[in-house]
Amino acid sequence: MSFKRTWIKISKWFLTRPNTTGTLVFLFLLLLVGFVVGLRYSVVKENRRREMSNIINVVHQNFQQILKNTYTATLTLAMSINDEGEPENFTKIAPKLINSNACIDAVQLVPNGVIKYVYPIDGNEAALNYDILHTSSVQKEARKSIKTKLIYFAGPLKLKQGGVGVVGRLPVFKKNKFWGFSAVIIKLETLFKMSGIQSIDDTKYYFQFSKVNPYTHKEEFFLPKKEDFSRKYFQTAIIPDGDWKLYLIARDKNGLFYQIITSSILGFLLSLICGLWVASIMKKPAKLQLQVYEQAKKIFHTELEFKTIFEQAPVGIARVEMHTGNFLEVNDEFCRIVGYTESELKKINFQEITHPEDAEQDVNCMYQLKKGFINEFTIEKRYIHKSGKIVWGNLIVSKLWKSDRKPVNTIAIIEDITEKKQAEEALKKSFELVSDQNKRLLNFSYIVSHNLRSHTSNIEIISGFLETAQTKEERDEMIELLKKVSASLNETMVNLNEVVSIRTNVNLKIEPLNLYDYIENAKTVLSEQIDKKQAAIHNMVAPTVVINYNTAYLESILLNFLSNAIRYSDPNRKPEIFFTFDEKTKALKIKDNGIGIDLVKNGEKLFGMYKTFNNNPDSKGIGLFITKNQIDAMGGRIQTESELNKGTTFTIYFK
Amino acid sequence: MKNKVICIIDDDPIYQLLINKIIAMSKTEYDVISFKNGKEALESFSETLKENKKLPEIILLDIEMPIMDGWDFMNQIEKSLAEKTKKTAIYIVSSSIAYEDKEKAKTFPEIMGYFSKPIDSNKILEITKHITKS
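Line by line, the protein sequences are chains C and X. Heads up, the first sequence is in my numbering, so the first residue is 1 and it goes up one at a time. Heads up, the second sequence is in my numbering, so the first residue is 1001 and it goes up one at a time.
Misleading hints may appear alongside valid ones.
[Said to hold, decoys possible] Sample of chain C residues with no beta-carbon within 10 Å of chain X, all distances over it, derived:
1) K174
2) S343
3) L433
[Unchecked claim] Label pairs and their calculated CB-CB ranges:
4) C:L508 to X:L1125: 37 to 47 Å
5) C:I479 to X:L1125: 21 to 31 Å
6) X:P1013 to C:K420: 51 to 61 Å
[Said to hold, decoys possible] With a cut-off of at most 35 Å between alpha-carbon atoms, the simulated DSBU-like pairs for lysine-lysine come out as follows:
7) C:K484 to X:K1039
8) C:K484 to X:K1104
9) X:K1036 to C:K591
10) X:K1087 to C:K601
11) X:K1123 to C:K472
Simulated from the structure, these hints should not be mistaken for laboratory data. Glycine is no exception: its CB is placed at the ideal position from the N, C-alpha and C atoms.
All chains, please: the whole structure from these sequences, using the hints.
Have a look at this one:
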């Protein structure tokens, strides 16, 4: 676990530092390349060493071979010397030796250090009688071979007969006494030619051939390329028979370097490219990493913002569990609207604080949301505040899941519209009031226009007739009619006066009145009619019921309803009238079993002025109109239920 | 006995009396029959039809009446006597001068015209002449 964490840490460290990582990769690869190049260098070097060693060995062996052949020749020559110290058949042997040994340019016999016999004589005449033991420039090497009694190759030196060559001298002893030398001359040119020095590929290597001068003790070089090669790579072989030193020198000091420089540069470039590549490909993740970090920061900020919005919003916001309706999260405003604390709300669901009348609608909408029929819904609903009062809210619910996912949570936004609702309610009430008043006003103007005009039009016609009346009878008839019109006009004016007085009377005296007593009172007033129709009046109002009302109005209302009920009783049955009072709604019910009213036809006109619905000569269509006006003036209302031939029930809501 | 009939449907007894007098003075060839409301008129019409007699040529109809008002009467006519009143010209004669009433009258194709009270013999003659022409 901790290893894993460390690993993540390390990889993160590297991931966020592409340049460093690139450099590290570069350095690592450079090291690797260096190592490989080094390895290769040593291999190449070893190869060269081996190659040069092979070449020098071959040449060395060639030298040895030449010297051996020379030695054999000198020995053969030495054999030709008889016991008296005289060479026999020199002229025969010498040519044979020369012919069989391509490397030998000339043979000599040098008795007592003086060259006496030379073959071929042509070109070598100058060497004859040359006393080598007494010539300072050559005696040292000659004496050396006498001393060692072994063949010794002197030179390369300038030959008496011209040119440069080496002279191999075999000291010959006769009867243990030094006789002289058997010598061969090899021209340097020939020596080098035969040794194979010249046949070697000289692009890579070249030979040098040296000897330490016995007189000057300085090393002298004999091959043409006489440069200082001490700083170059070389190998040596020593030929002891002539104290010669053979050098094989690598021609190019930097050859090996050039071989590895290419791969080094290549390797370096490769490492560099790799390093850059790693850096560049890692820059992307680093960039992404940076972006991720930026995004995370943004998300954090956004979350903070949203949280602030959620908490500070001037509307109530709640996150609600889809299936149960439980509150998962609520903001302060929501708490304020419903009056519960956050912890209280988290224990309940929305159904528990919803007004029972609105619960069904809300649950139904939630169901549709859950089923995916809708994505959101807006309803106006009532909440029950913790204190018990009703709070109106405009609720917007949206789902918090994608359409292809399972329903989980919803977000609800609740705006407190209680005041708005109250204002609306008040507005509605005042609108109702205004439209009601308007209706009454219209009704009144209609009354005025209709009822008064019907009289005035009659008067107009009558006056027209009066003008054209020819006989007294006619005139009297018209005056009689005019009196009638005048009387009914007067009645209309009285009624209108009464209505106007009700409507204009704003400061009505209101006092607690015993309803039961007032009903009894009305019964007494109408006792004559009641007796006439033998009606049964059941005053079922509790004697304790007290209502706040205007005395005159209550009397008038009760008288009107009771007299109506008696007047419009069904002649086929005994009239029965019930007075009941509902304490809860403050409503008085007056139920009769009279002829009833067709409410479908006449419902609207029931309380209009001069509206009558039957042929009863007493009906003037003014009673209910006045009653209605009185009830309205007291702020109450009236409700009618009726069925033809069964009876009518008026319900008076006092307030 | 004249063979043409004007039918007055109005609840105002004084008006009934006066209109009778006006028609009589107009010297038309029409008889006058009167009803206090729409219901009475309808009942009388169905009786007439039973006896295979013709309906009145002209009806002067008031709007405001108890039991059955003018509108109700029109609705009933449309409902049950539509075919039978083709030859009957119905005029509204009301004391109402309300715009709504005049407009409402136009919604009934059977109503030929609207007159506000008072009505005089000139108007009666106008109506009868119009009927005779058509």
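Cross-check of the supplied hints:
no.: 1; hint: K174; in the structure: 180 Å, holds
no.: 2; hint: S343; in the structure: 63 Å, holds
no.: 3; hint: L433; in the structure: 23 Å, holds
no.: 4; hint: C:L508 to X:L1125: 37 to 47 Å; in the structure: 55 Å, violated
no.: 5; hint: C:I479 to X:L1125: 21 to 31 Å; in the structure: 27 Å, holds
no.: 6; hint: X:P1013 to C:K420: 51 to 61 Å; in the structure: 58 Å, holds
no.: 7; hint: C:K484 to X:K1039; in the structure: 26 Å, holds
no.: 8; hint: C:K484 to X:K1104; in the structure: 32 Å, holds
no.: 9; hint: X:K1036 to C:K591; in the structure: 31 Å, holds
no.: 10; hint: X:K1087 to C:K601; in the structure: 28 Å, holds
no.: 11; hint: X:K1123 to C:K472; in the structure: 27 Å, holds
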